[in-house]
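Novice: So the chains spell out like this:
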Amino acid sequence: MTRAYAVFAAGLILLLGPGLPGSRSQTAPFPLELLQIADGNFVHFGAMAMMNRENEGAIANLGLIVGEDAVAVVDTGGSGREGERFLAAIRTLTPKPVRYVINTHMHPDHVFGNGAFAAERPTYVGHSNLPRAMATRASFYLNAFRRSLGEALIDEVKIVSPSDLVQDTLVLDLGMRPLILKAWPAAHTDNDLTVLDTASGTLFAGDLLFVRHVPVLDGSILGWLSVLQETARIPAARVVPGHGPVPDDWHDALAQQRRYFERLTQEVRGLISRGVPIAAAAGVAEAEKGRWALFDEYHARNATAAYSELEWE
Amino acid sequence: MGIVDGSIKPVPKWSKRACIAALMACALGAVTQPSGAAEDPWPGLAGDIFKGRPLDDGTGLLTLDMPVRAEDAAIVPITIRAALPAGDPRRATALTIVIDENPAPVAASFALGPGVASLSTRVRVDSYTHVHAVAELSDGKLYVVKTYVKASGGCSAPALKNADAAAAALGQMKFRVFATSAEAPLREAQIMVRHPNNSGLQMDQLTRLYIPAYFVRELRIWQGDDLVLAMDGGISISQDPNIRFSYVPNGAKTFRAEAIDTEEHVFRGEWPADAPDM
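Residue numbers (our numbering), protein chains in the order written: chain L, 1402 to 1714; chain X, 854 to 1131.
To be clear, the hints were calculated from the coordinates, so they are not data collected in a lab.
Honestly, I wouldn't trust all of these hints.
With a Cα cut of at most 30 Å, we get these calculated DSS-like pairs of lysine-lysine [to be verified]:
hint, chain 1, residue 1, chain 2, residue 2
1, X, K1027, X, K1106
2, X, K1003, L, K1559
3, L, K1583, L, K1559
4, L, K1497, L, K1583
5, X, K1106, L, K1690
6, X, K1027, X, K904
Computed, partial: chain L to chain X, Cβ under 10 Å [what the hints assert, rightly or not]:
hint, residue
7, G1624
8, V1628
9, A1683
10, Y1708
Note that the coordinates shown come from a computational prediction; the quantities given were computed from them, not determined experimentally.
By construction, the Cβ of each residue, glycine as well, lies at the ideal position given by its N, Cα and C atoms.
Use the sequences and the hints to build the structure in full.
Specialist: Written as structure tokens, this is what we have:
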């Protein structure tokens, strides 16, 4: 507890005295805000935005599950800085060791904070496809996000690939708190993993579920539609999406996402059958525009990806 | 590498060398080049690729269409059209697509049969970059047009979305002929080849080794016995190479295609020429 107190106190000093001398690297990370959503379950809700310097890449939801003996984190954030701030926040709540760092998939906003947990010596866990996906994309992501996050945030990022891999399902325990991890076929990406906390009934869905934030397609649209049907059968009391708030009715949130993909699929199939080229795909499913945040940032890309998949039917 | 045929010129021999040179340049550059270097790579690229031959401004002869922003870094549509003024007796015989800031800038070069006046494909775009299209006309002159493409935002990457599916369907081909108005002499067709077209190059963060490239290096399409199109492909062509092109029907009954990848797999297909599927 003394350590947790010390870190929290350092955070307070930073908050109260921003004008105090001392370089940034010497100050303790200011804890992220963690909200309790159920017994033993905490979430940092990411900003509904693209990753940038100002938000330090903190756009994805990060989960914390506290068991009798240890804790697990579900995703680590979009920068080393966010990962450090997540860990600092955990230490304000509990001194229990971080036994597992679980990554729900390969995207930078979920894994760039992995390195911040290395000193805790956790076991890093992910989908069996995750190491390959990280290997083929990490250097591109580090270059690409240098522009939006800036040198300082990117230079701190250490890519850590999972050592314990999930092929189908895996049960982890934190002490009286079994977690059921499930690896899914290609949907949002080809390395999606969900975490069900059996004690609280909370499903950490990663980016298999977006709420308010437009879904982002980087795997398979038909695969995702099929995975949505399966996830609907999970006996979860509540679902934490990868982006957006915890919905009051998570089946309704799944249904909204399904509607978006079905409309996209139907209209893109129409283009393909009429021989309209892929360059025109961005204009489909305009009826969805008012229903989602960040639509202009991701929708054209979703349509392009859907076209390149569906033209092989 | 070159295709020698009555109506078509050999594909220039530089493409493979340029590609390998670019691979080497990337491997070194990734280590030594400071980020944000502002030097324009085009003069050096143009000199290497076209061996110092003069490149004239192609405005008015060629158009190059790409989206202003690469929405999906892995699949960026590009269309090049040769639109020579009335009375100009020349035709385009070859096209080269160069994505200046990509690890391997030469995306592909195409040898064009008579009547191929437009060509669309999809490319990977790694960062903010100029894209150049260079056409060789039948008098041997080279013309260039360019555009600027902003890299995609968010977590889009020029990599495979569904790596297992890409490998499982390797070599499958699809061909379509598009109906056009009766009076138009040109028709359009599209050839698609299932292939991961793995760009390689990505450094494995754990082993620090570059993953080897694995891509379709050559794709040829015939109408009857006439070669319509020949692509000498590079690693900047998207997964599942896809080319849509205009052509003049020559009365042949079939189209056929042959693709060869870097592991020397050969994929072939044949389809009726006169059956627009729409």
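Novice: Please go over all the hints and tell whether each is borne out by the structure.
Specialist: Right, here's what the structure says about each hint:
1. X:K1027 <-> X:K1106: This hinted pair holds, its Cα atoms lying about 17 Å apart.
2. X:K1003 <-> L:K1559: holds (27 Å)
3. L:K1583 <-> L:K1559: At roughly 26 Å apart (the allowed maximum being 30 Å), L:K1559 and L:K1583 satisfy the hint.
4. L:K1497 <-> L:K1583: holds (25 Å)
5. X:K1106 <-> L:K1690: Roughly 46 Å separates the two Cα atoms, so the pair is violated.
6. X:K1027 <-> X:K904: Answer violated: X:K1027 to X:K904 is near 36 Å, above 30 Å.
7. G1624: Cβ of L:G1624 sits 7 Å from chain X, so the hint holds.
8. V1628: violated (13 Å)
9. A1683: OK, holds: L:A1683 within 10 Å of chain X, min 7 Å.
10. Y1708: holds (8 Å)
Against the hints set out earlier in the document, violations occur for numbers 5, 6, 8.
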